[in-house]
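Chemist: Please build the complex by placing chain G with the ligand on the supplied structure of chain A, with the hints as guidance.
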Amino acid sequence: MNRIKTLFKEKKDILSIYYTAGYPNLGDTVAIAEELERCGADLLEIGFPYSDPVADGPVIQASSKQALDNGMDLKLLFEQLKDLRKTVSIPVLLMGYVNPMLQFGVENFCKACAEVGVDGCIVPDLPMVEYEDLYAPIFEANGISNIFLVTPQTSPDRIRKIDGLSNGFIYLLSSSATTGQHLNVSEDTEAYFSRIEALKLNNPTIIGFGISSRETFDKACKYAKGAIVGSAFVKSLKADDLQLSIQSFMKTFRP
Amino acid sequence: MSYFVNEKGYYGDFGGAYIPEMLYPNVEELRQNYLKIIDDADFQKEFHQLLKDYVGRPSPLYLAKRLSKKYNANIFLKREDLNHTGAHKINNTIGQILLAERLGKKRIIAETGAGQHGVATATVCALRGLECVVYMGEIDIERQAPNVARMKMLGAKVVPATSGSKTLKDATNEAMRDWINNPVDTHYIIGSVVGPHPYPDMVAIFQSIISEETKKQLIEQTGNDQPDYVLACVGGGSNAMGMFYHFIDDENVKLIAVEAAGKGVDSGFSAATTTLGKEGVLHGSRSILMQTHDGQVVEPHSVSAGLDYPGIGPQHAHLFKTGRGKYVSITDDESLQAGLLLTQMEGIIPAIESAHALAYLEKMTFTGAENVVICLSGRGDKDMDTYMKYFGL
Ligand SMILES: Cc1ncc(COP(=O)(O)O)c(C=O)c1O
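Chains as they are written, first to last, in the numbering used here: chain A, 1 to 255; chain G, 256 to 648.
With the rest of the complex left out, here is chain G:
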């Protein structure tokens, strides 16, 4: 079975490009060119040079000794939090800005939830001197204030999305509307493995550097490039897809994707898409999404803005449906506790998104021999307000 995209833009039953005609020329231009551009030697050289000298890659694979002892397994953290701008998001924005330049685009738009993708986009726009507009839900603007300030300082215009739940889904709607109204000179840098084909594949390719490096690092550190488990949190699913990518065809490596249960999957305040969702179309692709009987998108909830999204990327839907990946969920409380635990045991303050993946360790049992890799997708600086309020610090 193939877990990757086919020539029609589908992963099994999922994917495709469900977009209005207004977006067709842009998306088609991308579809026809993305692989050609990415495979070009010049592009590869520039991409990898920037990842090394500007982002600071390779990111370390760190054996967390005290955590390992506590859980009775070898716990490795893939340190995407150490990237420039503080999360995995920049791997994708570097790739897409180079691609946008090669397509002759002059203006960049993006959506953002936690603000990490917005910051990563504003950063590469500053780096290359391109105009940047970031759409962000009004609620997220409040809970991620430091990132809003960073984007502004980087020269981006931050536009509040005031419709619907005023979070990531609505920011995505606004970005798509912007693209419809600016069909010629604008490139939309989507921040996750969602959206119409070829976005899920393109973003996965740019993020796949995470598992590419991890394999090499595992060989160096353990002599075996196949861990027993790979874990990552899933909002739209880009850090998870990057972490899974080169392990997907290694069927003995167990892939665990951690969604946000919010206040609990049955509480009505959750973002546990695979548990609560059904098949349907959101933001241009057929996938699994949280919706009513009538196909209206349900407003999600998570303490972490980056996971507060009612869908998942189509490749995740495929991994879920085929059983190749195990999809689980972690509550707000569990994730915050896991964030505090990592901070106090390893001296690393994780993003609350990443803390969801860490929290799942509590639910696993080990014999002491297993190698476990967790994608530490981002750092917790942006979440200090939430942590401080929750723990009364």
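Pulled out of the complex, with its shape left as it was, chain A reads as follows:
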């Protein structure tokens, strides 16, 4: 069984952490993964940077820009991840936009993921139809899960379709928003989470976008198998004292 499936089978209140590859320093990518696992993270989403990240708020825009200025690209990222599985055992996803992936070649991308032990990817602007028609066989042949997003505006029919194409988990957005906003669980949000629960999907869900504190994390875990922390973590990283900054951030989530 693959790492993602095992994780969702064995754990609840899954803590997933997003960070940008090549930030704050170009060579930090694997060191951050190792430290996060030591501090109790269950799942990692490593962002490959893009110049025009339309789904991201200011924090991840800035980390992406810094990473690009530092010299990060997909070729280098896969080189950095070459020995990932010697020191990191939790599931790892790559997250980024479709254009860098297309230029690298979707097949090359999936093969490289499989080679270094990356379990899946999240590409928000890769449309479902294109994935289904063109790329799903390539992902499947390489054992790479493609994770889809769902928002409160996604129709039940479409959610079912997404569930059918998913192989791992579904990423629930607490609201339609760019990254880095604050989770605000209103009656509407609760109704939406309940609606999702009632659909009895095949894939488990975790909640992302707007999870910034222990409090919002706990709230999200009431409605899903876990939650994703992104901007808040990226913001807390200190270039000159990486390890300590990660440890002190993670303490609130995994005391």
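Hints are supplied without guarantee of correctness; some may be wrong.
[What the hints assert, rightly or not] Lysine-lysine pairs mimicking DSSO-like chemistry, simulated, CA-CA at most 30 Å apart: (1) A:Lys65 to G:Lys421; (2) A:Lys11 to A:Lys200; (3) G:Lys291 to G:Lys307; (4) A:Lys161 to G:Lys263; (5) A:Lys12 to A:Lys86; (6) G:Lys325 to G:Lys361; (7) A:Lys238 to G:Lys533; (8) G:Lys533 to A:Lys65; (9) A:Lys75 to A:Lys11; (10) A:Lys65 to A:Lys222; (11) A:Lys65 to G:Lys412; (12) G:Lys509 to A:Lys65; (13) A:Lys235 to G:Lys421; (14) A:Lys251 to A:Lys12; (15) A:Lys235 to A:Lys11; (16) A:Lys200 to A:Lys222; (17) G:Lys361 to A:Lys111; (18) A:Lys5 to A:Lys161; (19) A:Lys161 to G:Lys291; (20) G:Lys518 to G:Lys325; (21) A:Lys251 to A:Lys11; (22) G:Lys518 to G:Lys263; (23) A:Lys222 to A:Lys86; (24) G:Lys581 to G:Lys470; (25) A:Lys111 to G:Lys509; (26) G:Lys576 to A:Lys75; (27) A:Lys200 to A:Lys65; (28) A:Lys75 to G:Lys421; (29) G:Lys361 to G:Lys291; (30) A:Lys75 to G:Lys307.
No lab work stands behind these hints, which were simulated from the structure alone. What you are looking at is a predicted structure, and each value in this text was computed from that prediction instead of being measured.
Modeler: Showing chain G with the ligand alone in chain A's frame:
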């Protein structure tokens, strides 16, 4: 071969809707409704009434006699500069505001480069009493100050885009982020034939009034609705697509699209997308864009804010790849000289964007019999600062 969009939202290899799930419901709502709404008799009536009484259409097709003599051809200028607000952009914003109303939207957002699309959007929002937010690159806010003032006076909120190159591409990113965060009551009026399907098709349909009128006017003036050449400048490509639209299937009419070479295509300061670009995805569609080996979008340069964009619309990418259109480029210097020439020979101060199309006449040779139509997409009022500095006026 078809040069128009297919049922999947593609033009050959280009187009589609590469958008995050957050935008899907909005874009899908548009996709399902745009043709139905546009084809509705009520919509058509209101659209054409406003184009006539408010925009001042039809815009004249003017035979520029002195220019014709200089270049040894019959040079016709399609005078989009005479439209209300000073450019072709308003054809699209009138169409989209009527569509937004029919979709029940209360709030309008837009991106702008030169400020012409921002002004055209702020104008129709004032006309219909809708809230308006315009995103504009910080650099463009500086170089297009008169248009910023106009938008503010029209009641729009102008929000500076401070990321990346601080120009049109970044303003577009900010507008898309706004739309993601306001998924229910907001309509995004994209200003060119770019973006996810159905935008490129929808904007082209609204701008196609340019070639529809041109054909009628050519019959009246020359007895033949088929000119030898049609020229237009290309930023995202909306005035060009409007100018080409009804000529695309007339294969003997040569279509020439003029991009901005900036300081020269090899200078590192250019916006000549088809020369410098490769296939990829930008702002929701698969097209041709300027990018690094790793798919990072390259920051473009042009003296004209409206052409300072690293991509082109997917239909242009298709016309380019199939060879149906000829894509060329003109430098900053060449365009400014052409702007001055038109001013002094015909008494028309063109937008620097439009001056790029005019400048290409220098590179063509004629026998005296050819009919040439150039889309004069806008007037130069907004560019006076640039002209004055360049020529030391
Ligand atoms: C006068 C004028 N012409 C051309 C353009 C370029 O846009 P498009 O290529 O969509 O026509 C602009 C854009 O602002 C403009 O203001």
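Chemist: State for each hint whether it applies.
Modeler: Here is what the structure says about each hint:
no.	hint	result
1	A:Lys65 to G:Lys421	holds (14 Å)
2	A:Lys11 to A:Lys200	holds (19 Å)
3	G:Lys291 to G:Lys307	holds (23 Å)
4	A:Lys161 to G:Lys263	holds (18 Å)
5	A:Lys12 to A:Lys86	holds (25 Å)
6	G:Lys325 to G:Lys361	violated (51 Å)
7	A:Lys238 to G:Lys533	violated (37 Å)
8	G:Lys533 to A:Lys65	holds (22 Å)
9	A:Lys75 to A:Lys11	violated (33 Å)
10	A:Lys65 to A:Lys222	violated (35 Å)
11	A:Lys65 to G:Lys412	holds (27 Å)
12	G:Lys509 to A:Lys65	violated (42 Å)
13	A:Lys235 to G:Lys421	holds (23 Å)
14	A:Lys251 to A:Lys12	holds (18 Å)
15	A:Lys235 to A:Lys11	holds (27 Å)
16	A:Lys200 to A:Lys222	holds (16 Å)
17	G:Lys361 to A:Lys111	violated (47 Å)
18	A:Lys5 to A:Lys161	holds (20 Å)
19	A:Lys161 to G:Lys291	holds (26 Å)
20	G:Lys518 to G:Lys325	holds (26 Å)
21	A:Lys251 to A:Lys11	holds (19 Å)
22	G:Lys518 to G:Lys263	violated (38 Å)
23	A:Lys222 to A:Lys86	violated (34 Å)
24	G:Lys581 to G:Lys470	holds (21 Å)
25	A:Lys111 to G:Lys509	violated (45 Å)
26	G:Lys576 to A:Lys75	holds (29 Å)
27	A:Lys200 to A:Lys65	violated (40 Å)
28	A:Lys75 to G:Lys421	holds (28 Å)
29	G:Lys361 to G:Lys291	holds (20 Å)
30	A:Lys75 to G:Lys307	violated (56 Å)
The earlier numbered hints that this structure contradicts are 6, 7, 9, 10, 12, 17, 22, 23, 25, 27 and 30.
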